[in-house]
Each structure stands twice: as structure tokens, then as C-alpha cells.
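Join these two chains into a complex; the hints should help.
Chains A and B, in that order, are what the protein sequence lines are.
Position 63 of the first sequence, counting from 1, maps to 63 under this note's numbering, and the rest follow consecutively.
Count along the second sequence from 1, add 1000, and you get the number used in this note's numbering.
If you are wondering where the hints come from, they were derived from the structure by calculation, not from laboratory data.
The structure displayed is predicted, hence computed values, not measured ones.
Yeah, the Cβ is synthetic: ideal placement off N, Cα and C, and Gly gets one too.
Incorrect hints may have been included.
Unchecked claim - Here chain B is said to cover these stretches of chain A; the calculated rule only asks that three of the stretch's residues, wherever they fall, bring their Cβ under 8 Å from a Cβ of chain B: (1) 24-33; (2) 37-43; (3) 46-58; (4) 61-69.
Chain by chain, the residues run as shown.
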Amino acid sequence: MKHLLILAVALSLAACGERSTGGKTPRKADAKAWQGTDNAFVASGWKPSDAAAWQEQMRLRAQTQNEYNRVR
Amino acid sequence: MARMKFICDAERCIECNGCVTACKQEHEVPWGVNRRRVVTLNDGVPGEKSISVACMHCSDAPCMAVCPVDCFYRTDEGVVLHDKDICIGCGYCSYACPFGAPQFPTNGNFGLRGKMDKCTFCAGGPEANGSEAEFEKYGRNRLAEGKLLACAEMCSTKALLGGDGDVVADIFRTRVLNRGKGSEVWGWGTAYGKPSTTSGSGIAPAKEPTKS
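If we strip away everything but chain B, and leave its shape as in the complex, we get (with noise of 0.2 Å):
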């Protein structure tokens, strides 16, 4: 069974902000929230580096492991979802979250919190697959139409990969082992661990090319 993962790609990642809208129009995400954003580094200065960042759908997923009331669940495909008839919007996983990935509408006076919304890695939730229901709280079930994540597939420069984790690592490897550099990814082994050895499945790192 395929294993879903990100990969962004920073030495790609041109900060247009591209995968942030297309996640917007593609789940009519309210104002507020954004399931998806572009954090850039050393901004302005030259050399700075962004990179898009979303819910992980972590391994060991620390929102599952302080969610009082267990709305969370992880697919066969292991994308981490919820069910927002059960989240009590209480923002425990928002804290334990490090990538920042759970938003929480404002919706009424007093900054009343509502019901925690995030990244569904473009799998719904717990309604029928492709059902109004679904798509009115968790946005379009792409996975279940048999496309892969809008952010992704609308990236411009695919700095942003997604998909079976195998697949886009080998991607990935490819590109890194063509252009000879660019090995790391940021948030891979917090989301995803590392792997116990180097030569492991693990990105190859790759040696940049000696200038002559």
C-alpha cells in the first residue's frame, strides 16, 4: 500500500505562493485559515530559501497522541485526518503540532475558537467519499477521484512533491543526484524520522560538484 508523503524541495521552492492558492480554490477554505503557507528564510537576503509547509501527516503523529477527545485517525495510506464532529476545538494539538499545521477558524465575537481544520493531504474525511457532506467540512476527496494533492500538482516549479513516498523520493533522488546538491529536506525527519543508517532508503546525499 502506498505510504503518502511531502517532499519540499528548497532549492526549487521560488515562494510564488502557487500551492497556497491552488489548496485555498481547491477546498474553499474560509478566510483565516490556510492549510498550506510558504515560510521563507533569510528573507530578502540573497541565498534565502523557502519552503511550503503543511500538515506532515506524520508517522508518530504527536496531534494524534494529545487529542483528548481521539477524533484523529491515519489512513491505510497513512495521511493523518479527523473528525471535526468530534474535535472540540480545545488547540492541544496546535501546540503539540511542530510544524504548526492545525488552524482554527474565528468565527463569532471574543475570538471564538471553532473546530480545528487542517492539510486532509486532499483525502477528505470520515463522510461518504465525494459527498457534499465531506467536501463542506473537509474540502475535495482528490485521492478518491484517483489525482494526487492540488498543491502538489499545481506546483510550478515541483519544488513541491507529492504522493507515495517511494515514488517521490526517487524523484527527488534524481534530482538532487543530476544537479548535485540540495540532499537535505527540511522537516523530513521530524515528520517522518530518520533512518537508522545512512545507506539506508534514505535521499542519498549527494557531493557538490568541484568547480575547476
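Extracted from the complex, chain A is given alone in its bound form (with noise of 0.2 Å):
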């Protein structure tokens, strides 16, 4: 009887805990700009996984926004 009065207050109490987050969101990690895709929507000029060449790229891209660049 005792065994089993125990039992049923460890398992009526056992809802009552709050497991510890550690501080952390699940939120999740999310892949760098310049390691690409795979699609076939992706620019021609660069190559995906090279950070050097999409900064490069980003430069390149950005610039065409730059009409003093073709219009003078």
C-alpha cells in the first residue's frame, strides 16, 4: 500500500516539472548567402561556396544599379 501511494504521488507530480532551455530557442541555424544553391535559378559568374567570389559578385551586381556607370 505504502509502495503504491508513493507511486501515485510521483506519478501525479510528475506533469509539475519544467524541463531547463539552457537559455536556447530552438530556432534554427540558418545557411550562409554564399554557400549557394543548387537551383537553376542561380547567376552565372560566380561559384557557390566561395565567399570571396559572391562578395565579388554582390559588387558586380550591385554596380549595374549605377547608371553614371553607363550612361556619362
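Here it is as C-alpha cells:
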């Protein structure tokens, strides 16, 4: 009877505990943009997974917005 | 590492809404959600000014500060993104944002508010780059494809500039110096902070040309 009572108390209090998350969120880690993707829409002129090539691609691509490069 | 920024040139924006359309089309944004919109001041009055507004990917993002479930994160390029699997749609970020960027799709009866949606700087989300899951939740990941933002690249007058902050600031500075006016960039100081000195790396103020 005593054992049964202990078991009942243990089971009834089991839901009262709170598991620690360690201060971390379950947010997923994101891949870097320079790692690229393998779909068919990747722009030509740079090699995915090369950070330096991606930086250069971004720089060159941004310059297409500069009409002073095209019209003088 | 590049620090991605937007600049919208109010002297050039003609309120065509091409940026809004490009964004909606590129990411298949649902009805009722506008990641980008064009705001016009003094509409109909001569001298009206328009500016294209979206998430400014703030350096010290208030949405990130107030989120109770910590679903926001910032990439190495300074792009503020969020994880929709964690977002609870509480709307705190919407109240905190000075630009009204966070959007909430109303799906279902009683104005049920869905998970927050906002401009991703065409950088997708925490799912695998270019995956179907990423596209479904966040839209296309153009940065991982080696492209810049659809809105800026589609802008017909090049009023909206996007990309590495140093590069777009140089483009804008050249433009301002050539035309001699319009150095004010709306929202810049709010989102990215003000330069400590006027002669720092900020955009140089231009003088009005003298008429003779």
C-alpha cells in the first residue's frame, strides 16, 4: 500500500516539472548566402560556396544600379 | 563582409509600384500582405514625394528586441530574418517597428492572425537555401543565387538601391553630387543610426546649385 502511494504521488507530480531550455531558443541555424544553392536560377559568374566570389558578385551586381557607369 | 542596406531616393521615385509588384511576384506573397509599399507625402500637391518602404533591416532592430519567443536573427550580411516555425503571431514586432514592416496574413474567420511575414532582403529564411520549404515560407532566396533584391533590380528609375551599404552609398553619393540636391535619405538615420560626424562615412550633403 505504501509503495502504491509513493508511486501515485510520483506520477501525479511528474507533470509539474519544467524542463530547462538552457537559455537557448529552438531557432534553426541558417545557411550562409555565399554557400549558394543548387537550383536552376543561380546567376552565372560566380562559384557557390566561395565567399570571396559571392562578395565580388554582389559588388558587381550592385554596380548595375549605377547608371553613371553606363551613361556619361 | 558586405552589410546589406536599402536606400530609396525620394527625388527619383515616381510611385509606379514596380518594386511592390516585383516583390509580390518573386515571392508569391499572399493577398493582404505587402512586404513593400510606396508611401507618398503631399499626394496630389505639386512637389509630392514618394518613397518605397519595407523592412530596413535595422542595425539595432526593435522587432528583434521585443520578440517574446526570440524568433529573429541577423545574418552576417546584416539582414534581419525570422523563423516562422517559432513565431507565435503576437504582433509585438509590428508595434515596435517604426516602418510598419511586419505583416500578418489574416487566414480564417474572426480576423485570425497568422505568423508574421516581412521583407527578407530576398535572403529566404532558416530552411535550406533554395529549398521548396524555404520558398513556401519566406519566398525566393536571391542572395544565395548570386542576385540582389528583386525590388531594387526591377526599379525603373533606380530610385530604390539595394546591396552592400558601401556600394549603394557610393552610387547615391555620386548621384547627389551630380544633380546637386536630395542628399536626405528618409529612414536612414532611424534604421541604421546617424553618423557621429557630418564628415564621416555618411552621405555628403550637397549644395543647392545657384541660379544665375
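Which of the stated hints cannot be reconciled with the structure, identified by number in ascending sequence?
-> The structure breaks none of the hints.
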